[in-house]
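**Student:** If you want the building blocks of each chain, they are given just below.
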Amino acid sequence: TQLLEQSPQFLSIQEGENLTVYCNSSSVFSSLQWYRQEPGEGPVLLVTVVTGGEVKKLKRLTFQFGDARKDSSLHITAAQPGDTGLYLCAGYVGEGKLIFGQGTELSVKP
Amino acid sequence: GAVVSQHPSRVICKSGTSVKIECRSLDFQATTMFWYRQFPKQSLMLMATSNEGSKATYEQGVEKDKFLINHASLTLSTLTVTSAHPEDSSFYICSARDGEGREFFGPGTRLTVL
Numbered sequence: 001t002q003l004l005e006q007s008p009q010f011l012s013i014q015e016g017e018n019l020t021v022y023c024n025s026s027s028v029f030s031s032l033q034w035y036r037q038e039p040g041e042g043p044v045l046l047v048t049v050v051t052g053g054e055v056k057k058l059k060r061l062t063f064q065f066g067d068a069r070k071d072s073s074l075h076i077t078a079a080q081p082g083d084t085g086l087y088l089c090a091g092y093v094g095e096g097k098l099i100f101g102q103g104t105e106l107s108v109k110p
Numbered sequence: 111g112a113v114v115s116q117h118p119s120r121v122i123c124k125s126g127t128s129v130k131i132e133c134r135s136l137d138f139q140a141t142t143m144f145w146y147r148q149f150p151k152q153s154l155m156l157m158a159t160s161n162e163g164s165k166a167t168y169e170q171g172v173e174k175d176k177f178l179i180n181h182a183s184l185t186l187s188t189l190t191v192t193s194a195h196p197e198d199s200s201f202y203i204c205s206a207r208d209g210e211g212r213e214f215f216g217p218g219t220r221l222t223v224l
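Protein chains in written order, with this note's numbering: chain A, 1 to 110; chain B, 111 to 224.
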């Protein structure tokens with residue numbers, strides 16, 4: 001059973017399009033994190049959302065934390081080929097262990 | 111931000127041999143380090159929690175006798191894959207937690223078992 005359900009798992013779009021990635025759970029999280037990972041590298045933290053309803057922006061990326069702190073979304077505006085990569089949501093459970101969603105493989109074609 | 115290194119970055123070994131992967135926190139001390147495994151096109155799965163000076167805590171389904179973890183100092187944890195087999199081929203990633211509870215990831219080690 002996946003505690004964090006991410007969708008879609010694969011996304012292929014053209015440069016300039018917008019997209020949204022979703023991360024859902026039936027559990028409440030004190031915070032959720034979003035990472036980006038490129039092939040052959042470790043994940044890099046993009047943002048941590050902490051407060052229910054919070055919206056954070058990072059250039060063309062907008063992150064939202066659900067009011068009930070059970071879900072989060074990542075919206076990318078005007079995607080560019082450089083945005084290509086694996087996007088992962090993650091949250092801490094139990095004894096401080098980080099669990100990840102299945103990931104969203106994004107491909108942005110020029 | 112804090113830096114975590116892994117060595118080697120990639121390793122190819124024969125079936126039946128053992129491979130050691132090092133994870134180092136370069137500019138901070140980490141009482142807790144974590145080891146993850148990532149298969150192609152999949153997400154990271156936590157294998158074990160490595161605590162300095164004590165035994166590692168393994169996740170369900172991870173064989174502790176096959177994946178030996180040693181956390182001998184506040185800046186170094188090692189993962190040894192014993193008697194490796196082709197199904198152990200994967201991308202192994204470590205992370206280290208600093209004194210403020212922030213977790214930093216290493217660049218990963220690609221293990222290929224022939």
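Hints are computed from structural coordinates only; laboratory data are not their basis.
Any given hint might turn out to be false.
As a list, the in silico BS3-like pairs of lysine-lysine whose alpha-carbon atoms are at most 27 Å apart [unchecked claim]:
(1) K56/A - K70/A
(2) K151/B - K109/A
(3) K174/B - K130/B
(4) K130/B - K176/B
(5) K165/B - K130/B
(6) K176/B - K151/B
(7) K124/B - K97/A
(8) K97/A - K109/A
(9) K151/B - K97/A
(10) K109/A - K59/A
(11) K130/B - K151/B
(12) K151/B - K165/B
(13) K109/A - K130/B
(14) K97/A - K176/B
(15) K109/A - K56/A
(16) K70/A - K97/A
(17) K165/B - K70/A
(18) K124/B - K151/B
(19) K57/A - K70/A
(20) K97/A - K56/A
(21) K97/A - K130/B
**Student:** Please verify whether K151/B and K165/B have alpha carbons no more than 27 Å apart.
**Tutor:** violated (31 Å)
**Student:** For the pair we were handed, K151/B and K97/A, check the Cα-Cα distance against 27 Å.
**Tutor:** At roughly 22 Å apart (the allowed maximum being 27 Å), K97/A and K151/B satisfy the hint.
**Student:** Straight-line Cα separation of K124/B and K151/B no greater than 27 Å?
**Tutor:** holds (24 Å)
**Student:** Is the hinted pair K176/B and K151/B satisfied, with a Cα-Cα distance of at most 27 Å?
**Tutor:** holds (24 Å)
**Student:** Can the restraint linking K130/B and K151/B be considered satisfied, given a maximum Cα separation of 27 Å?
**Tutor:** holds (24 Å)
**Student:** With the threshold set at 27 Å, check whether the alpha-carbon distance from K109/A to K59/A stays at or below it.
**Tutor:** holds (20 Å)
**Student:** For the pair supplied as a hint, K56/A and K70/A, is the alpha-carbon distance within the 27 Å limit?
**Tutor:** holds (17 Å)
**Student:** Quick one, are K124/B and K97/A close enough, alpha carbons at most 27 Å?
**Tutor:** Not satisfied, since the Cα-Cα distance of roughly 33 Å exceeds 27 Å.
**Student:** Straight-line Cα separation of K109/A and K130/B no greater than 27 Å?
**Tutor:** violated (39 Å)
**Student:** Tell me if the straight-line CA distance from K57/A to K70/A falls inside 27 Å.
**Tutor:** With a Cα-Cα distance of about 19 Å, the restraint between K57/A and K70/A holds, given a limit of 27 Å.
**Student:** For a C-alpha distance cap of 27 Å, please report whether K109/A and K56/A respect it.
**Tutor:** Judged against 27 Å, a Cα distance of about 26 Å means the pair holds.
**Student:** Under the criterion that the straight-line Cα-Cα distance not exceed 27 Å, is the pair K97/A, K176/B satisfied?
**Tutor:** Roughly 21 Å separates the two Cα atoms, so the pair holds.
The structure is inconsistent with the numbered hints 7, 8, 12, 13, 17, although it conforms to all the rest.
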